[in-house]
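Asks: Could you build the full structure based on these sequences and the hints that come with them?
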Amino acid sequence: MKKLKILMIGWEFPPIINGGLGVACLGISRALSSMVDLSMILPKTDLNFTLKNVNIIGLNNVDLASLNTQINDNPYQNFSTSIHQSDIPLSPYPSASPQGIGNILEQKKLKTISPPSSTNPFQVDDLYGDDILLRIQQFAAYTAEVAASMKFDIIHCHDWMTFPAAMLVQEQSKKPLVVHIHSLEYDRSGPDSKSWVFEIEKEAMSKANIVVPVSNYTGSIAREYYEIDSSKIFPVHNGADVVEVYKERKEFPEKLILFLGRVTGQKGPQYFLDIASKVLQHAPNVRFVMAGTGDQLRELIENGAYKNIGTKFHFTGFLTKEKVHKLLSMTDVYCMPSVSEPFGLSALEAAQFGIPCVISKQSGVSEVLFGALKADFWDIDKMASHIITLLQNNSLKDAIVKDAFNDLKNCTWEKAAEKIMNLYKKIDLQYHKN
Amino acid sequence: MSSICLYFQVHQPYRLKQYSFFNIGSEHEYFDEELNISILNKVADKCYIPANKLMLELIKKHNKQFRIAYSISGVALEQFEKYRPDVLESFAQLARTGCVEFLSETYYHSLSFLYSKDEFVRQVEKHREKIVEYFNQVPKVFRNTECIYSNELGDFVQKMGFKGILAEGTETLLHGRSANYIYTSPTNNRIKILLRNYPLSDDIAFRFSNQNWSEYPLTATKFAGWLSSYKNISDCINLFMDYETFGEHQWDGSGIFNFLAHLPTEVLSQKGLSFHTPSEICEHFETSGIYDAHNYTSWADTERDLSAWLHNSMQEETLTKIYTMRHDILALKNKALLEQWSQLQISDHFYYMCTKYWSDGAVHKYFSPYNSPYDAYIYYINVLADLELTINTEKLQKML
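Going down the list, the protein sequences come from chains A and B. Take the first sequence: its letter number 206 is residue 205 in numbering that gives the first Met the number 0, and every next letter is one higher. Take the second sequence: its letter number 139 is residue 138 in numbering that gives the first Met the number 0, and every next letter is one higher.
Watch out, some of these pointers could steer you wrong.
Claimed, not checked - Keeping only pairs whose Cα atoms sit at most 20 Å apart, straight-line, the calculated DMTMM-like set for lysine to aspartate or glutamate is: (1) A:201 to A:191; (2) A:381 to A:273; (3) A:306 to B:315; (4) A:306 to B:387; (5) A:254 to B:387; (6) A:306 to B:374; (7) A:325 to B:26; (8) A:206 to A:223; (9) B:332 to B:118; (10) B:355 to A:273; (11) B:394 to A:253.
These are computed hints drawn from the structure, not numbers from a lab.
Replies: This is how it looks when you write it as structure tokens:
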């Protein structure tokens with residue numbers, strides 16, 4: 000059988016951005032590369048970075064002036080007239096702002112977006128600069144132009160920054176669309192956020208032939224909050240890259256409980272502080288570390304001091320990957336009290352280090368780490384009691400770690416790619432039937 | 000007749016390293032020696048050395064009629080001795096003129112009076128020994144860290160043998176009276192309180208180089224004229240400020256040294272004005288009334304209270320924790336550990352954690368070696384975590 004031709008549209012990708020989305024896109028495309036004929040359009044790539052059997056097109060390396068692109072001829076033209084640019088730095092995965100991005104935009108009607116200049120807009124340092132909306136529009140227009148001269152059977156895109164581009168290509172090519180959901184506005188800004196990002200997400204999922212959330216949890220949000228037809232939602236769990244694990248002797252006698260992630264509302268750092276305070280009342284010989292940075296950091300530092308637990312609750316700020324691994328090598332319990340976590344790759348990384356995990360039920364990873372101890376993110380008492388149990392009960396700890404190693408065997412990008420491959424085949428068949 | 004009392008504070012803290020979580024348990028050197036030496040050298044070259052040289056010339060020139068006072072923190076003296084003996088010698092030279100008084104303060108420029116009277120006494124005594132050793136005089140007037148004062152402190156130091164104490168002259172406690180007289184405490188009438196005339200002090204310390212100030216540029220003639228206008232309605236005009244005003248806060252190019260060089264001539268040329276040190280003022284003048292400070296006042300920030308060091312939860316937690324360790328530290332009788340713990344009491348550590356913004360925030364930022372008050376807290380609390388571990392280990396070893 001002839002290999003299917005897949006046009007993948009992404010945004011973050013290593014080595015330019017190493018966030019969770021980039022890591023997942025790399026894992027998926029690498030695992031798919033032997034099964035399909037894969038091309039990938041990204042806003043920005045490093046020419047020195049290649050992937051075997053994958054045709055990577057970075058718009059920063061394309062002579063866009065020669066494309067003759069008419070930005071205003073696209074169906075999202077209305078974005079450029081009705082939505083106004085903000086001078087507030089916007090990031091697609093920012094803090095959980097109670098207002099959401101849309102409200103900020105509505106309040107700050109400053110200047111209408113002008114068509115892109117002749118210089119390449121993707122040759123910038125920060126893809127998430129303050130003109131994110133303009134950049135997404137430009138990305139859509141140029142991607143459609145590049146895609147027009149390509150042959151492909153299926154479009155596969157990742158998260159909202161790529162959705163306008165993917166819908167445009169779908170419109171133009173009439174090919175089936177796979178929308179992969181790594182994170183939703185619901186996760187980032189809470190259930191009340193109905194911003195323009197929410198609208199883009201909803202429209203793309205509605206127009207998609209297949210929606211692939213990274214967990215059943217995220218699938219349920221697509222169904223319940225975005226009212227997407229459940230018959231086209233097919234969750235595929237992420238894999239985990241194998242990391243080199245090691246154990247390092249701690250320089251202090253206390254056991255170490257770790258929180259790792261952005262210090263924003265979505266990740267539940269305030270709950271971690273409350274859990275720590277509770278655990279310390281019962282087990283004073285424990286240390287807590289909050290690794291990461293974010294908009295809630297300062298408030299949390301002051302709250303920690305207020306709770307008078309500063310010498311047992313440590314903040315590290317942003318850490319490099321090497322430092323994160325060093326920290327994992329010292330950690331006794333990993334705690335992830337996320338308020339809404341589509342997947343939670345870091346818990347799998349912790350599991351590889353042989354660390355028992357206490358995770359929130361509102362996370363995708365709780366569906367694959369069967370052995371992990373779980374509680375609702377708001378249930379401080381239960382989270383704290385799980386941690387204390389693990390600290391005091393070595394046989395339980397060993398059993399959980401052993402279970403997690405078994406669970407990890409199923410968490411590979413190859414398994415994820417196989418599931419995606421089956422979905423490709425399914426829609427390709429449907430497409431040819433119609 | 001009015002006495003002009005010039006007093007300068009000299010202090011350099013030990014600043015902490017950027018001490019991270021990963022250092023806890025393995026890194027027991029807490030202070031950034033390189034940074035501390037470099038700041039000390041910078042301030043010594045820009046301020047202490049040139050200013051001391053000028054002061055010495057002025058004392059000689061005016062045939063001992065120019066008289067001044069210093070309070071030098073113990074940790075500053077210690078650093079001079081270790082890294083800049085030339086600075087220490089220049090202060091000793093000033094002491095030998097007989098025109099310079101050295102005041103008493105806590106050795107570690109600490110807030111110890113607020114947390115432990117015993118610790119306070121230990122530090123004041125340690126500081127006194129140093130002043131006797133270096134300058135051959137026994138301090139008679141006390142000056143608490145950043146002019147922090149209350150009735151209780153006034154009473155306490157009088158009982159320790161001091162005849163006078165310096166304080167901030169705040170309007171809320173003066174009730175319309177002038178700061179230019181000697182006051183005493185409602186609870187102990189044997190202590191003499193010298194109040195800082197903060198508008199005139201700050202004209203030099205803060206406003207001197209401010210080109211938007213209506214009185215800019217400030218000349219010695221103009222300033223002496225202002226002082227002279229008080230000569231019939233004052234006993235003493237107390238001009239208290241950081242010594243680093245000369246050449247550091249107000250840089251050389253602003254003309255601050257030139258101002259200082261002409262000030263004594265201009266003041267002494269005014270009839271009825273003279274210079275005296277705090278002890279001399281305590282001897283010459285009787286008290287004019289009661290200065291009732293139930294709550295603490297200080298010379299810091301616009302609030303003139305303790306809020307520069309005790310305003311947020313980070314400051315409260317760290318201050319409480321460091322003083323709670325005292326019992327354990329003393330019991331261990333480990334000299335090096337006692338020294339480290341003492342150096343962690345330096346008030347600057349808590350000043351760096353201040354989150355008050357607006358005008359004072361800028362001042363705090365100017366003095367802080369760290370990016371933010373939160374960083375200052377994190378380094379400090381990590382150090383405390385390590386110190387706690389050391390204490391626990393030593394306690395265990397003692398028990399065995």
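Asks: Take the hints in turn and mark each one as holding or not.
Replies: Hint-by-hint comparison with the structure:
Restraint check for residue 201 of chain A and residue 191 of chain A: the C-alpha separation of about 14 Å stays at or below 20 Å, so the hint holds. With a CA separation close to 12 Å, the supplied pair residue 381 of chain A and residue 273 of chain A stays within the 20 Å bound. Taking the CA atoms of residue 306 of chain A and residue 315 of chain B, the gap is near 11 Å; set against the 20 Å cutoff, the hint holds. Using a Cα cut-off of 20 Å, the hinted pair residue 306 of chain A and residue 387 of chain B holds, with the two alpha carbons roughly 18 Å apart.
In summary, the hint linking residue 254 of chain A to residue 387 of chain B is supported, as the alpha carbons are separated by about 16 Å, within the 20 Å threshold. Simply put, residue 306 of chain A and residue 374 of chain B have alpha-carbon atoms about 18 Å apart, close enough for the 20 Å limit, and the pair holds. Proximity of residue 325 of chain A to residue 26 of chain B is assessed by CA-CA distance (about 17 Å); at most 20 Å being required, the pair is judged to hold. Distance check on the hinted pair: residue 206 of chain A and residue 223 of chain A sit about 17 Å apart at the alpha-carbon level, within 20 Å; holds.
Simply put, residue 332 of chain B and residue 118 of chain B have alpha-carbon atoms about 15 Å apart, close enough for the 20 Å limit, and the pair holds. This hinted pair does not check out: residue 355 of chain B and residue 273 of chain A have alpha carbons roughly 26 Å apart, beyond 20 Å. A C-alpha spacing of about 17 Å is found between residue 394 of chain B and residue 253 of chain A, which places the hinted pair at or below 20 Å, so the restraint holds.
This entry does not satisfy hint 10, going by the numbered hints stated previously; all others are met.
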